[in-house]
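Trainee: Fit chain B to the given chain A structure using the hints.
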Amino acid sequence: AQSVTQLGSHVSVSEGALVLLRCNYSSSVPPYLFWYVQYPNQGLQLLLKYTSAATLVKGINGFEAEFKKSETSFHLTKPSAHMSDAAEYFCAVSGGSNYKLTFGKGTLLTVNP
Amino acid sequence: KAGVTQTPRYLIKTRGQQVTLSCSPISGHRSVSWYQQTPGQGLQFLFEYFSETQRNKGNFPGRFSGRQFSNSRSEMNVSTLELGDSALYLCASSFRNSGPQETQYFGPGTRLLVL
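In order, the protein sequence lines correspond to chains A and B.
Here the numbering used here is used: position 32 in the first sequence is 32, and no number is missing along the way.
Here the numbering used here is used: position 9 in the second sequence is 9, and no number is missing along the way.
Bound-form chain A, shown alone:
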């Protein structure tokens, strides 16, 4: 069984500040981890994914995430927030023979000017 916990349903930062969105996972098989972003009235867009090739993963729009097995975490960061980063972010896990994505509840990111 797999599950994802996203700590903080709402995170608010100032423009130019560090963005940190937290994701912890549980998986009985080696996990593959994904971060998706959803803008209002749109579908999900992949930001980055961990596929065991490297623990530090760089994605689009300046985001990156680090896989820490000992902490079962895959937190998403961006050094400097931009107004256009305001959206909802979802962490997801898959693994084993299971192609389905199990999502966390999401974190709504607000960026203040």
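Mixed in with the good hints, there may be bad ones.
[What the hints assert, rightly or not] Simulated coverage check for chain A against chain B, where a stretch passes if three residues somewhere in it have a Cβ under 8 Å from a Cβ of chain B:
| hint | region |
| --- | --- |
| 1 | 37-50 |
| 2 | 96-108 |
[Stated by the list, open to error] Computed spacing ranges between beta-carbons, pair by pair:
| hint | chain 1 | residue 1 | chain 2 | residue 2 | range |
| --- | --- | --- | --- | --- | --- |
| 3 | B | Phe60 | A | Leu56 | 29 to 39 Å |
| 4 | A | Tyr39 | B | Thr14 | 23 to 33 Å |
| 5 | A | Ala17 | B | Glu82 | 36 to 46 Å |
In case anyone wonders, no lab produced these hints; they're calculated from the structure.
Where is the CB? At the ideal position from N, CA and C, for every residue including glycine.
Mentor: Same frame as chain A, but now just chain B:
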């Protein structure tokens, strides 16, 4: 390359009716998965189709069904609609040839409102 398309984008139905949603995957993708998104439950997996066969199913009642055609297009059907079926229904496509680390590409969704 065209992305995943879903039709219709918006739908209003009344309780007891049935509804069919359509999803056209990215060209070459043979797997289509469906997810339900609600404010209360978040994103939940409904089912996945690959080569016209259901490969995986989530924990939803039998009122939710789907199918996939030979051109990989997929439909999902919800019968006897309930108020709680109001949601954004997302479909996602992938090649399904290199394991669960494959990226799933999502469509814009169909927003269903049940009155």
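Trainee: Under 8 Å between beta-carbons, do enough residues of the region 37-50 of chain A, three at least, approach chain B for the coverage claim to hold?
Mentor: Check passed, 7 qualifying residues.
Trainee: Using the beta carbons of alanine 17 of chain A and glutamate 82 of chain B, state whether their distance is inside 36 to 46 Å or not.
Mentor: The hint (36 to 46 Å, Cβ to Cβ) holds, given that alanine 17 of chain A and glutamate 82 of chain B are roughly 43 Å apart.
Trainee: Confirm or reject the claim that phenylalanine 60 of chain B and leucine 56 of chain A have a C-beta distance inside 29 to 39 Å.
Mentor: With a Cβ separation near 37 Å, phenylalanine 60 of chain B and leucine 56 of chain A satisfy 29 to 39 Å, so the hint holds.
Trainee: Taking 8 Å as the Cβ threshold, is the statement that the region 96-108 of chain A is covered by chain B upheld or broken by the three-residue rule?
Mentor: n = 11 at 8 Å, threshold three: holds.
Trainee: Do tyrosine 39 of chain A and threonine 14 of chain B keep their Cβ atoms within the hinted range of 23 to 33 Å?
Mentor: 30 Å, holds
Consistency note: the structure conflicts with none of the earlier hints.
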